[in-house]
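**Q** Once you've looked at the hints, dock chain H against the given chain C.
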Amino acid sequence: MEQAAVIVEGLTVAYGRFVAVDDLSFIVKPGEIYGLLGPNGAGKTSTIKALIGVLQPRSGRVQIYNMPLLDEFVVKSQIGYVPEEVVLFDSLTPREFFEFIASVRRLKADIVNSRLERLAYVFDVKQYFDTPIAALSRGNKQKVAIAAALLHEPKLLILDEPLIGLDARASKILKELITFHAKKGGAVIFSTHIMEIAEKLCTRVGIINKGRLVGEGTVEDLQRLVKSTEGSLEDIFLKVTQQEMDMREIVKALEEE
Amino acid sequence: MKFTELWRLSRTVYNEISFQSIFALRVGSSLPQKDHDIKQLVRNAQVNTLISKVITTIFIGTFGFTVFMPIAFGIKAEAPKELVVAGGVTAFLAVLLFLIALMGLQVTTSFVSSKIVDVLSALPLSKREISLIIFLCFLKIFDIPLLAALVIFPIVYSHFTGSILAGLASFISIGIAEIFALALTIGLAVFFYSKILRGGRRSRWSTFLRFIFLVVWVIPTFGAYFVINFATQITMVFASITQTFSTIHSVALIYPFSFGFLASYSAFPDKINYSVLSFSIIACIGYSVFAAYCLKFILHSIRQIGCEVGGVVTSAREIVKDTIIHPYAPWFGVIRKDLRIASRSPSYASLFLLPAIQTALLVFSFPFSELELNSIVGMLLGVSLVTILLPPLLLSIEGLAYGYMRSLPLNKKTLIFAKTLTTIVTYAFSLVVLFTVAMLVKKNFSLVLTFGIINSLAVAAASMLELSFFIRKLWKEGSVLGNIYTRLGTFILIVIPGFVMVLIPLIAATTVYFLGSPLVLPIFSIIATLEFTAMLIVILHE
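So the sequence lines, in the order shown, correspond to chains C and H.
Quick note: the first sequence uses the numbering used here, first residue 1, plus one each step.
Quick note: the second sequence uses the numbering used here, first residue 1, plus one each step.
So that you can see chain H by itself, here it is in the shape it has in the complex:
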């Protein structure tokens, strides 16, 4: 078959995978059966994946701009220019790697688990052609950000530095970073699908594997978050620590610093430190060989997807000792089910961890000497806002099984109560992190903890408010809202009332504080308690 034909077929496959990613977020069997609705869904799926690609590209582009600031605008730094630029390029490569991997992980699991290969294999296509179609489809998932980074960055870099060699070095660096990102994406997706989602029996070993996988999975999320937030500091710290002889040589061997040095020295040949450059070139050659191996791995994995019709692993008969189960109260049964499902889905699990990691990052950015109320409010606001993203997510966990769940004798109250409790436990975990960090740095965070504990009432109220909105919508329309990464707009609209509910006591406390009144804590407590009580009454009448 001609390449153009295969390219056309890969577009159909790509559209189907995009559709499946959104279809999985709908209520499966109770999906509206009207032709018009399905067409609308197909269009939504295509727009969603396009938006996801464009947003990733914008992020990459915006961050890339920060690399050029010292070059283009001659920003003065205490460290030498070539080291600042090396740090900037390094940070850019890290962001690129994390963002591509992050974006890829949202869709690649559905790509790996897609049954589309079953359909293709029934057509008169060779295995090689099927593999090629799958590969082209895989590239289509990433095309815009990959091409944009690979083309635009080297051209702009070459233009600002006035060196074609610098442009070429950045081109190679970006190409290799992209290969690493794709290898990380597909490796994790295949591992997730074969060993975790469809893998053998549940055991302590598989639980451990799942935990390790989730830790590895969340690295791109928080890596991107960390590098983007602290880019300037990272670049400056990098530039200052690499001014000592031994450090700079060691750092030149580490990825992606090696490429940072290569790109920087290519731009400023008069500033070359030849021994560092030699170290950097040797490391870059090593990483290039590794990238070639990764590329081979990507092609091999995709070929495997194309060849292994019907999924990666099939179930096998296993020796099972008994059929004993331990039923609990309905609300606890719901919580256990939600946690189990979330722990097996990287995108869900990362949102559970987000408040705690957010707390840890915020704590380290705090002035440790004295804690002002505005710092406390800022911190609680950050953690609360991340926490109240959870309730809609906890409902979207029902996913395709929503139709089945609705057939069970489970009332709205129980569902809201169970999911609010999970939200509060997640929030409380952030306070535990805060307490632990306070112990470690031997600082008195008692005031933050006091406010934090009282704030849990406002968080619970916000959670109940969001859930009651969502559940009403769910009961009435039968549609699940889906994954936060793919349906950001919908989420934001419904989460806003929750945000407002969390904001009210915090704003009131800040206002009272600036007015110089000693009643900050009582007023904060009263408003949070009132919100909680009001929502509790509403929910009890559901």
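Bound conformation, chain C alone:
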């Protein structure tokens, strides 16, 4: 049987009495690009944070390549993570930041330097290498975070809204990188608000609403779920998150104005 890259079973994340993720379950296989979709505040980021061990789930099970999250050190060595809010060490330069990441990940100098040279070229960040991260634009910070996530060539990429702030070139390159990573057998989980990208890029998508998984599968599976053969992922999304009726009323109200 094929080993799953990520297994999430009955995951519940809560902030005090507020339940952000409620009994969530899904599986991501190697070679898959799994899109996490959902309206604002649906619980996508909380799910991702629980997957990488930043948040402790109230209950449920998370396994990365058959290892429980408790085995933190080994699990995190396999993950490349790009946070939604790119908060790095602002007073460091990208060079110093990469040096820290490479040290913590125990990467060999010769290997990491050749990778870094390639990533700096690909994301066009070489000229900012000695500039404090605080002085970089959001897009350039994002590129630094992406390069840092790819530095150790992880088996699993977890990207939280990775395309926000990126210019067209970097966005295109990242999409190519994600596809290439999956083709090589790596797994990708990424959350996005941009339906077109999810539709083109993802092998499967999971739609979260109010912390619960309300739809999962390929776009075709979801079309079947909502009994529509023509709807785009955006239409499906609105339907399964029960926002379709609201949307019609809003559009009508706007037209009347």
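Calculated directly from the structure, the hints in this document are not laboratory data.
Bear in mind the structure is a predicted one, so any value in this text is a computation, not a measurement.
Treat the hints with care, since some could be wrong.
Quick list of in silico lysine-lysine cross-link-like pairs, DSS-like style, CA-CA up to 27 Å [claimed, not checked]: (1) H:Lys140 - H:Lys127; (2) C:Lys210 - H:Lys476; (3) C:Lys155 - H:Lys53; (4) C:Lys210 - C:Lys172; (5) C:Lys108 - H:Lys321; (6) C:Lys126 - C:Lys29; (7) C:Lys126 - H:Lys321; (8) H:Lys412 - C:Lys108; (9) H:Lys412 - C:Lys155; (10) C:Lys183 - C:Lys210; (11) H:Lys321 - H:Lys127.
**A** Here is chain H on its own, set in the frame of chain C:
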């Protein structure tokens, strides 16, 4: 827009800046998303800034009281009364300058770097209105201590001396000291933000600039510390050295002595030395002109903050030769990262320097003839207590990037080991200072050094204990403890076990010493080693 409206808006901006100062100490992206928690945080931020202002005011007020002691209670001194009072007022002005600057530096950098101007500029407000809002907000950071010093001190001074002129002179002196403090604060904050935090590429020049900045930055900290601790001695030394003709005239030209003489002679007209007063008045006029220039600089800087939307400096493309990095072992990578971040943050850097400066100050206050064990214990206790403030600070360095750091394969053991090592190196630096001073004054400090080296085991144990508490809390709750200046209460509670750990071997050694036993050093060594070994075992099982 009406002034009252602008005043109201400035309150909102002020609250936001207070909030940002505390928000920056939380775990950014993993900040609890509950409405209740955020409201609690907002309230905490407001209370914190209020407490900071009140504490500064209490410090100023307490120190101000010492100025009146010779006047109110007729304390007899060998030097003439007017010189003692001149010395007292001078010391008070210095303390005021240092304390206001110190307090301001904690918040002004976040004020300068705040993105609030971006929000304001999107509103239908003119640049002049935005500048005014920012200026009012800036004043709100300092309002209580500034007003208290400016109003209460002259009234009390006028009352005790029975001279309205004396009250007026002290009012002017304090006003000018406050302008200097604000100019120093905003000048350093703007410089820090534009040239150091957001400035261009890292080079040797920028490292040098950073070092100079930190030296300038720590002056208010240690200036306040020094003047408060040695106030009486300073006043007396001042009074005795100014009894010679040439010295008193030269001193009357130096700030803040010029204002000290002015305030003192205004209170005691029968004791006036007219040539000294003339020197003092000329100098005071010069300093007043300089203060007017400083005020202009303050207004200009604030206007700039109001106009330069989106930050002071933006990144520019630079020629970078290569992308080569040098990875190290994880623990050393953590240490390098921590030192780099600390060296770019004045409040962090000053705490790194504190043990060494504390040592230097303590050494000079030592009786050089013979060193008793109680002096050694006192010294080691002072340095150790300051050193063990470092571990929580080293964790709070992770700051907003904590969420990212947690996603890395970095275990608790490595983190504790790295941060304990940094703490010990800082402590060892104090011993190097001690050794250097011993060489300079040609005294035998070998006993202090022997105890000091053994004591490093207890300091390491205390550091490991604190860090294991902090990291457990961090791992579980995801909250960073923050800056010592703003979260003093929280720090003290968690640092207490560390203090106890450092105290145990020192108390044991003192007890054995007073019992007359020759086993002081062996017992001290055994307890320190036991503490270290016990903590090491605990950490290895983390």
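**Q** For each hint, tell me whether it holds in the structure or not.
**A** Hint check results:
With a C-alpha separation of about 20 Å, the suggested pairing of Lys140 (chain H) with Lys127 (chain H) holds against the 27 Å cut-off. Of the supplied pair hints, the one linking Lys210 (chain C) and Lys476 (chain H) holds, its CA atoms being roughly 25 Å apart against a limit of 27 Å. At most 27 Å may separate the alpha-carbon atoms for a hinted pair to count; Lys155 (chain C) and Lys53 (chain H) exceed this at roughly 52 Å. Taken as a hint, the Lys210 (chain C) and Lys172 (chain C) pair is broken in the structure, with Cα atoms around 31 Å apart against an allowance of 27 Å.
Of the pairs offered as hints, the one joining Lys108 (chain C) and Lys321 (chain H) holds, with about 21 Å between alpha carbons and a cut-off of 27 Å not exceeded. Of the supplied pair hints, the one linking Lys126 (chain C) and Lys29 (chain C) is violated, its CA atoms being roughly 34 Å apart against a limit of 27 Å. Straight-line distance between C-alpha atoms of Lys126 (chain C) and Lys321 (chain H) comes to about 9 Å, which keeps the hinted pair within the 27 Å bound. For the hint linking Lys412 (chain H) to Lys108 (chain C), the alpha-carbon distance of about 22 Å falls within 27 Å, and the restraint holds.
Proximity of Lys412 (chain H) to Lys155 (chain C) is assessed by CA-CA distance (about 24 Å); at most 27 Å being required, the pair is judged to hold. Of the supplied pair hints, the one linking Lys183 (chain C) and Lys210 (chain C) is violated, its CA atoms being roughly 32 Å apart against a limit of 27 Å. Proposed proximity of Lys321 (chain H) and Lys127 (chain H) is contradicted: the alpha carbons are some 41 Å apart, above 27 Å.
In summary, the numbered hints that this structure violates are 3, 4, 6, 10, 11.
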